[in-house]
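Q: Sequence:
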Amino acid sequence: MTQFAIETKDIKKNYENVAALKGIDLKIPQREIFGFLGPNGAGKTTLIKSILGFTKPDFGTIRIFGEEISVKLKKRIGYLPEKVSIHPFLSAIEFLRLCGNLYEMDPKTIESRSNTMLEKVGLSDKKNIKVGTFSKGMMQRLGFAQALLHEPELLLLDEPGSGLDPIGMKEMRELIQSEKIERNVTVFINTHRLSEIEKFCDRVAILNFGKLVASGSVTDLTTNKNQIELVLEEEKPSVENYLKEISTEITIEKNFYRFIPKPELEIISIPKSIVEKGGNILRYEKLSENLEEIFIRLTGEKKNAE
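Sequential numbering from 1493 applies to the sequence shown in our numbering.
There could be a bad hint or two in this list.
[Stated by the list, open to error] When the alpha-carbon atoms are kept at most 30 Å apart in a straight line, the in silico DSS-like pairs for lysine-lysine are as follows:
#1 Lys1501 to Lys1541
#2 Lys1575 to Lys1628
#3 Lys1504 to Lys1514
#4 Lys1703 to Lys1691
#5 Lys1764 to Lys1736
#6 Lys1612 to Lys1703
#7 Lys1622 to Lys1691
#8 Lys1736 to Lys1691
#9 Lys1628 to Lys1566
#10 Lys1548 to Lys1567
#11 Lys1612 to Lys1600
#12 Lys1728 to Lys1662
#13 Lys1501 to Lys1519
#14 Lys1672 to Lys1618
#15 Lys1600 to Lys1548
#16 Lys1622 to Lys1612
#17 Lys1504 to Lys1519
#18 Lys1728 to Lys1754
#19 Lys1754 to Lys1778
#20 Lys1672 to Lys1703
#21 Lys1514 to Lys1600
#22 Lys1567 to Lys1612
#23 Lys1519 to Lys1566
#24 Lys1612 to Lys1566
#25 Lys1548 to Lys1736
#26 Lys1662 to Lys1619
#27 Lys1519 to Lys1764
#28 Lys1575 to Lys1612
#29 Lys1548 to Lys1566
#30 Lys1566 to Lys1703
#31 Lys1541 to Lys1566
#32 Lys1672 to Lys1691
#33 Lys1618 to Lys1567
#34 Lys1567 to Lys1622
#35 Lys1541 to Lys1504
#36 Lys1541 to Lys1662
#37 Lys1691 to Lys1778
#38 Lys1662 to Lys1622
In short, the hints are calculated from the structure, not lab data.
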């Protein structure tokens, strides 16, 4: 029987009159990098806090490695919050030593792992500097170091690209991938940044207004075999009426048509019907959507698809 790193069943959470989560079902296998995508305010952080036990769902169950969340289980989890907040008078190395003590690591391991992680996140030359002088990107790097300090089996990252420049983003992806390859870590990433999802996640899910609207591998989501783009030599009202009748979705701009046929329709018959109705076809092509187009179509959040 497969043991999932994370399994949620019908998770619901309300804040006063707002439904933050509306029946979330997820099964995330071990050793997978899973991207959880959605616009700001979609409910992503509420779910990650529910998984960690920071907030309790109103309904549903959550299992981590087959168990309910507990203090013992939390030691197997690394967490990077959306906003990294550290006492400004601590140095980077002092902060990691403090985290190591909280994780109940032995002193030698704390010192060794702290220095190793500072080197991995590019802060080894800043280890004795007070974090109050750090930029947002440096704070994010230090947040990564603490999340990985105790060699967790499950890594939960909430908006991990926040404050990072393109080089920092690339280094972050490489670090996450190396943790998966070298230590079989499972990674759950909350983000609204498509680049963090599309480039290295095994599977993704899209959340909008507290509800899952899509899930699968990037390839599965972006391969929409039924979306068709049609260009005619000239506008034909008879063809336009026909396409409206047979489509679940359609966009029309003069002699340009993009549509999704009804599932029961035989797609192979469409070009013949268009010609019979007087249409002279210049282009007829089955399309794939990229992740940004899917995100915009499902959430209407173009501004967050950058």
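Q: So which of the earlier hints does this model not fit?
A: Going through the list in order, the structure violates hints 6, 7, 8, 12, 15, 21, 25, 27 and respects the others.
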